[in-house]
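Residue numbers (this note's numbering), protein chains in the order written: chain H, 1 to 349; chain S, 1 to 349; chain X, 1 to 349; chain A, 1 to 349.
A couple of the hints might just be wrong.
[To be verified] Here are some chain S residues pointing at chain A (derived, C-beta under 8 Å):
| # | residue |
| --- | --- |
| 1 | V2 |
| 2 | G25 |
| 3 | S31 |
| 4 | V38 |
| 5 | E54 |
| 6 | D57 |
| 7 | T75 |
| 8 | S134 |
| 9 | R240 |
| 10 | T241 |
| 11 | F242 |
For the record, the hints were derived by calculation from the structure and aren't laboratory data. Positions of the beta carbon are idealized from the N, C-alpha and C atoms, including for glycine.
Number of protein chains: 4
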Amino acid sequence: MVVVMEERASEEQVQHVIAQLVEKGFDVHRSTGQLRSVLGAVGGNRSFDTRLIEVMDGVHEVLRITEPYKLASRTFKPERSTISFDEFRVGGDEVIVMAGPCSVETEEQIAASAATVKKAGAKILRGGAFKPRSSPYSFQGLGEEGLRMMRTAADAEGLKVVSEVMDVSQIELVARYADILQVGARNMQNYTLLRELGKSHTPVLLKRGIAATIEEWLLSAEYVLSGGNSDVILCERGIRTFESYTRNTLDISAIPVIHKLSHLPIIADPSHGTGLRDKVTPMARAAIAAGADGLIIEVHPDPDNALSDGAQSIFPPQFDRLMAELRIIAPAIGRSICLEPVARRGWGA
Amino acid sequence: MVVVMEERASEEQVQHVIAQLVEKGFDVHRSTGQLRSVLGAVGGNRSFDTRLIEVMDGVHEVLRITEPYKLASRTFKPERSTISFDEFRVGGDEVIVMAGPCSVETEEQIAASAATVKKAGAKILRGGAFKPRSSPYSFQGLGEEGLRMMRTAADAEGLKVVSEVMDVSQIELVARYADILQVGARNMQNYTLLRELGKSHTPVLLKRGIAATIEEWLLSAEYVLSGGNSDVILCERGIRTFESYTRNTLDISAIPVIHKLSHLPIIADPSHGTGLRDKVTPMARAAIAAGADGLIIEVHPDPDNALSDGAQSIFPPQFDRLMAELRIIAPAIGRSICLEPVARRGWGA
Amino acid sequence: MVVVMEERASEEQVQHVIAQLVEKGFDVHRSTGQLRSVLGAVGGNRSFDTRLIEVMDGVHEVLRITEPYKLASRTFKPERSTISFDEFRVGGDEVIVMAGPCSVETEEQIAASAATVKKAGAKILRGGAFKPRSSPYSFQGLGEEGLRMMRTAADAEGLKVVSEVMDVSQIELVARYADILQVGARNMQNYTLLRELGKSHTPVLLKRGIAATIEEWLLSAEYVLSGGNSDVILCERGIRTFESYTRNTLDISAIPVIHKLSHLPIIADPSHGTGLRDKVTPMARAAIAAGADGLIIEVHPDPDNALSDGAQSIFPPQFDRLMAELRIIAPAIGRSICLEPVARRGWGA
Amino acid sequence: MVVVMEERASEEQVQHVIAQLVEKGFDVHRSTGQLRSVLGAVGGNRSFDTRLIEVMDGVHEVLRITEPYKLASRTFKPERSTISFDEFRVGGDEVIVMAGPCSVETEEQIAASAATVKKAGAKILRGGAFKPRSSPYSFQGLGEEGLRMMRTAADAEGLKVVSEVMDVSQIELVARYADILQVGARNMQNYTLLRELGKSHTPVLLKRGIAATIEEWLLSAEYVLSGGNSDVILCERGIRTFESYTRNTLDISAIPVIHKLSHLPIIADPSHGTGLRDKVTPMARAAIAAGADGLIIEVHPDPDNALSDGAQSIFPPQFDRLMAELRIIAPAIGRSICLEPVARRGWGA
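Produce the entire structure from the sequences given, and follow the hints as far as they go.
Below, the structure written as structure tokens:
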């Protein structure tokens, strides 16, 4: 921490600040300039609230030097992390696509979804069984029955499963059926949930809150990592801005920023990031071009009759076409994307 | 819902939209203008996702007419709600102040806080036992022990107690000690928690999420109300904007907006809303001048050594002075504020 | 400037940064810690772009110490500035209210407006002759004819005049009729205009841009001050946030922030800050309670037929009532507000 | 416009609203539902301020149906516009790149820049002669001398020129040297300037303001178009959000949104959009992948010693590499990008 004193700060005020820093466990190095004193403080607690010094008399500004997160930082672990599943890795050279409906609705719907996404080259089936809905009057998901249907559908196609967990009480249940536990944007700072997921052995997909800074997002990842679970995948899904034409503003620049600050893999969610079906494809392409390690996309066999988020779900042929476009783009940045035998025939038809 | 078709929409497209609306349970009224058709749709589900129509071919725009919340709206209940405690009401003519430290730390600290806030005229003691901290390395609260200390301190002074509940598993415990259960900004859309609080008989203080629109906030209140708990107090505590000088931007205008849209009482939290001690007093005055039904303020007997949020906690004499200023301001808008016998002597000294 | 090197920065990288700083005219002080080096750099150019250092190899972060503005800062001039007119001062103990219609429309309209605002106790008549309208198809103002009408109306009531200047070419003209030249929010960073106003001898009312940080706002003031015109009044008029219920979010907290950072007076504009008539009064009260030095308010004798901004203009009786409320609130923070003989009789009737 | 009355609105209130609409020149169609009346109003002025109705008693909400812009809309002109230069078009199948330094500094610097950008395949040389700087103490540009240097350098390489015009008084001068007149983000709502550019015959590059909605941006384009100048190129350059890691948040989703709403071409500026050199390349790729018609990029032969924006200027080899990557990406969305003979040899070396 660097404490910049005001130009008119008295010697007594400087001494008071030094004493306070020492009491809080910092080593202090004072540098007295012509205009003002600057104090460098090292040691102390990583989570020390610097505002405590900021409000002291004679203090002009306090500048934190160390990031408040550690395990999530690239300083701590310079090489990128990958998360391995049977035959593929998230965070490696291959771009991994997760796709499926917003909610699991019926056996037929999830089976058709699984077949669609498999054929086009996705590796992981997405689908919600517990849905966080802003209105209490909306469809809230099928619960365990939905999880069971999704597992069956995924197994039939050789896919992995990602599904959301909304509460501590659901962790064990969802982990029985899913390979990745998703934490939704609204729960990004549900610390009770994050702490519990830190004890789990199942990988976690941590969505960015719509008003979360990149630093806060990495701090939430830190909750999971510090609990002992090192398999965290970050997911950019749009931030809230003044622009209301799109539901959110997908912050594509967060992708290269995360890659600089952290070793964790990052994927993008253009479905929630835009909220509009016809914007999903261009933004999916943009995310991969910017270097994302993967995508999570809402695809539905019949979006017009989806029980949730139909408006942002794309049709299966749109998904096929998107995957074909990504196969051209990925090599531009030295990456590959799965080219399934079936898919090869499929999307070319 | 009003569906505005594009100028070039074909008759077939119009018919397709009408059919879809009818299928979803709406009665449709078509008005064919010179330039375009406009469809009025009534009935249907209050939580219908209008984007489903928005993405249809030929549709220019879809405009929702009905608010998605019902029980929280002033249309449903025109007269303002009040929440009664033994000797006072929140939402009535009297401005109610809740004050105390960010976290309960020791018996001495909470007892001193209770005495301070009582003397100055506050009616409710605030203090956290379970703390949602953005860093896993920060102080996380004393838990039940803290609740017990706070109850004892409050009872000694004849104060009510408000404390935060972070998770479903804590509801019963916190409700044993507190008179009001606080839902923090980060949990405003923790629907599992809200639903459970709807079954409780304890009043709920619902803080606005830092990126929540007023509509989303009222929808979260709707979760509690629709569960059967009608005692919800809203709390504006600052939204996230581009301005970073203050920690958040306290949206004072939300106060008159809520009073127009909803019958629920609304208070303001200038401590979290600014994050800086010297901004708490002016913003507290502003909130009352704008019509807030109360305040929640962090006061600490020794802010420099507070275990959390010391930088935004005010000193007891600052609190005394603020309460004195509020006693001048409140009558300007036809409200009163408690003038305790002790306080009368206290702050004038 | 403080340059924090990365933990793994090589000695060569540190030397490269030092060399670059020295070349740019800085004196460098190096402090080598256990984990990393920190460089303090003083001297150099106040407007040096610190990002130049930020992108160098081995640099973790660059922290600017000095505010980029000087003449506008309280460090430069600790006592508050006031701007004197014949019988009153802006920035002193008295709260000064500027009021009138959005646009000057007719002689009758502006005369009626002047009488209304005078009667209620305002000191300055506002009104636009050149209007910045987001649509090219909207009413654009009466130009010089409007200025002449407004001057006549103001003189008849003994009021001062504030009016907007949109372009360098209008400065001389508007200054012939007005006592204060207003720079609108959209022009806050029109540097050609600001520079020219710096050469003027007429006071400037500088509105905050809807996306301007407080620092950028003070930098814009610096443009005027550095040109030699020291009479700048700042005006908070709402910032753009995600909340769309109100047109903008009036950042009341900017008032105490400006008072801490700068010696310049600051007023608030609750009309543009909210965009809705029924929110003007509560926000005007809030601004004064937070310490604003004044207000600028749209009042119109017949808002329903105003040529611009009728929806946010209040009716004369609403203005009377607001002024009465402010007379109660102002003393709470040690300020007065004009109590004209006529007004005393007027608003009580 | 659709006016939704409140459920409790009296018949008198409905009649009052109808009368007001008729007086303002609208034809009104009333639809009386079980719960409330809805009024459809057509005709009237495109720029009518709907808030005038919104504040009337008994009105619940007013919904505007028509976009406030006309000439810029795709409803008005369904096929995409292109802007032709001697040998290429902006807005056609070919992706057009504009590149060069932030400011013109010396003859050598601009000549080296022109050679670099030409070699890599760019078609247009960018460079500022008049610089809008937030600080009055920063380098403000070389003025006409800079324009002359840039024209000479561009002609030597067969490039077109784009340069910023900050004020009405500069239009004629800049148009003598440049092929495209750039309007900076801070001037997006400088209506005096826009109106004057509408009379010019030189194409205009209109940057989006950092807080401008897409609708406001198109309204600013409308100012130019309605003056008679139909050659407007839009440029997304980042919006201001709460995230401060990047200087702005480049709103990539604005690209497909503009393509849906308007026929005008749109390019992206990843240099200002991120403000950080190492983020320029990924965001440039993302913009093209999302469908942008081109890019404008800051390239400098010696960024470390640039007089402005060096930190966001890329080095010539980085630019070569980016162009090579774009040549892979562009075909994925059916577009080409110039492959100069020299460039072919250049970037492969």
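Checked against the structure, which of the hints given earlier come out wrong? When the structure is compared with the hints, numbers 2, 5, 6 and 8 turn out to be violated.
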